[in-house]
Amino acid sequence: MISTGIGIGKIRPTKAIWFAGIVLMLFVVLAPIFVMVKYSISDRLSVVTGGLPIPLWPYHPTMEQFQGLAAMDSFIMSAFASMKVALLSAVISLVMGTPAAYALVRYRFPGMMILATLLISVRLFPDIVSVVPIVETFIKLRLVNTLLGVAMAHALLSMPYVIFIAMGVFETIPRDLDEQAQILGASKWYSFTRIMLPVALPGLAAAAIYVFLLSWDEFILAYFLLAFGNVSTLPVLLQKILSWTPQHNLLAAISVMLSVPVIVFTFMVQKYMQTGATAGAVK
Amino acid sequence: MTSYSSNLPAVKNKGIMVAIRRNIFGIIILAPAALYLAGFLLIILFKVVQLALTLTGPQGDLFPTAHHFVRLSKNPEFQGAFLRTVWFTLIGTPLELIIGMAAAFLVVGEFKGRGVIRSLMILPLAIPSIVTAIMLYIIFDFPGGHVNDLLMGRHAFFPFQVISHPLDWRGSGFFSLMVAMFGKVWRDMPISMLIILAGLQAIGKDQYEAAKTLGANAFQTFFRITLPLLTPAMATVLVLRSIEVWKEFIFPFILAGSYPLLATLIDQAYHEWRNPNEACAIAFILLVLIIMSTVLIFHVLKWLRRRLVRV
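As you go down the protein sequences, you meet chains P and B in turn. So the first sequence is numbered by the numbering used here: it starts at 1 and just counts up by one. So the second sequence is numbered by the numbering used here: it starts at 1 and just counts up by one.
Mixed in with the good hints there might be a few duds.
[Unchecked claim] Some chain P residues close to chain B (C-beta under 8 Å, calculated; not the full set): (1) L115; (2) T117; (3) K140; (4) I163; (5) D217.
The hints are simulated quantities; they were obtained by calculation from the structure and are not laboratory data. This structure is a prediction, so every number in the text was calculated from the model and none was measured. The C-beta atom is built at its ideal place from N, Cα and C for all residues, glycine as well.
In isolation and in its complexed conformation, chain P is listed as follows:
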């Protein structure tokens, strides 16, 4: 009686719609990334075409933009500045955030859960609202136009993530482990630094990578804090070049250099980000 409509050689309409949807989605997702790579290896004639349509693949693919970057002082300096800021902010947020996460997991103090929620939801506070007060305060502390200032501001953004990820890591470690160490005479500090931290290391490494990337591609705070100085991080350099000479292939080459570490590491910590996203921690 009931014909399902599935036969050999017939394609169900829902399946066709689904397939078209996947193709469309992948196209939209990949197009900007393709354009970025394409422009970064474009020769001059494929960018400045003089009225002709821009080719979908450069006439003469070239690495000259990347060779140019290697000799470009402002790029090298900004890349190092970005790395320093990212490392410094990761260190600040991990050194403060990891013990805090341990305390939040292991100590049941009245109001502890409220405190944990508050600390993590600092992340939701809009950065664009906080940026002017931070700059005004940092002007007085002489932290504007310094990498330390940017790193401190970035640590403010990344610490909630560190606390959140590290809490998840410590929760998976059985309570017996540190209790037994303490029964055997280890101090609380010893059992935390010598027993808990080594066990938690893989998860904490993911947190470190995550907050490194967070600082590496952060723009708003870095832009406000470094706007009129001579140091800039890579995202700020990109914006500066865009406002001076929007040379498309140079912009694309710097974009590739900025994105590659993020792409590589994102897939390494994807598992942790997935749980973070579902818990509402990833912005």
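With chain P's structure known, arrange chain B on it following the hints.
Relative to the frame of chain P, chain B by itself:
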């Protein structure tokens, strides 16, 4: 009796002291992070309110005063930015949810190569926002960007002339903010997708089987089971995304410089007008808007959930 009651506060104090002493290690290692975050937050809130309500004149500071708010409300640039921000959010937030849901429904089933496709869908998360914004700047360039070339039918594979003249995407408030919104939604799609995906996978298979046994068709299954059970995930997406869209800065900053939203107007007030007080007043208004909209969305969703889930 009297001695007992007079002893009570002391006993209570002693209890707190014992609790503190027992947890002293935890308190000490929690303190740096808590003080760092709370300190920054207090300074930020204090500074926003203080600067927004202070008028610096030749005779010294005047505090508190609504001067900056009054001046802003008469400023056509602020009025424009306010209106643009409202419609940007009203369109952007539902769009984020719809695109995220579409992506999640596309990849939720079992099919060959699902892992690869899911990984590719997460790629936007790995591209820094500033890079995405600059790529869209290049793609939607005027007069010779990819999108203009395509719409003018200048490529052999798409010879249809949709527009006769190249569009200046950054020259119109509507188009430039639409491109900015496209960037924002593109960049955020993976997060919304992951949240919805987790919500979808949390729905038990037995629910669908029960519906099938009872003879429900696809539409009934979707509207009576999937959608109501998905509302918590959808609520998470809506609340988080609405905050993100209200305060969006990078995309409108790069792509719609001449048509500021409230967030980009803060930059303008601070760097161009050289007026940190007005910048903080705008920031304060934005903060109030975000809080109000979050509370509103919360209540609407609660009401909606009660209507949808009929037990």
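Hint-by-hint comparison with the structure:
The beta carbon of P:L115 comes within 7 Å of a beta carbon in chain B, closer than 8 Å, and the hint placing it at the interface holds. Among the interface hints, the one on P:T117 is violated; its C-beta lies about 12 Å from the nearest C-beta in chain B, farther than the 8 Å criterion. For P:K140, the shortest C-beta to C-beta distance to chain B is roughly 11 Å, which exceeds 8 Å, and the interface hint is violated. At a threshold of 8 Å, the smallest CB-CB gap from P:I163 to chain B is about 6 Å, leaving the interface hint in force.
Proximity of P:D217 to chain B holds as hinted, the smallest CB-CB distance being about 3 Å (cut-off 8 Å).
Of the numbered hints stated above, those contradicted by the structure are hints 2, 3, listed in ascending order.
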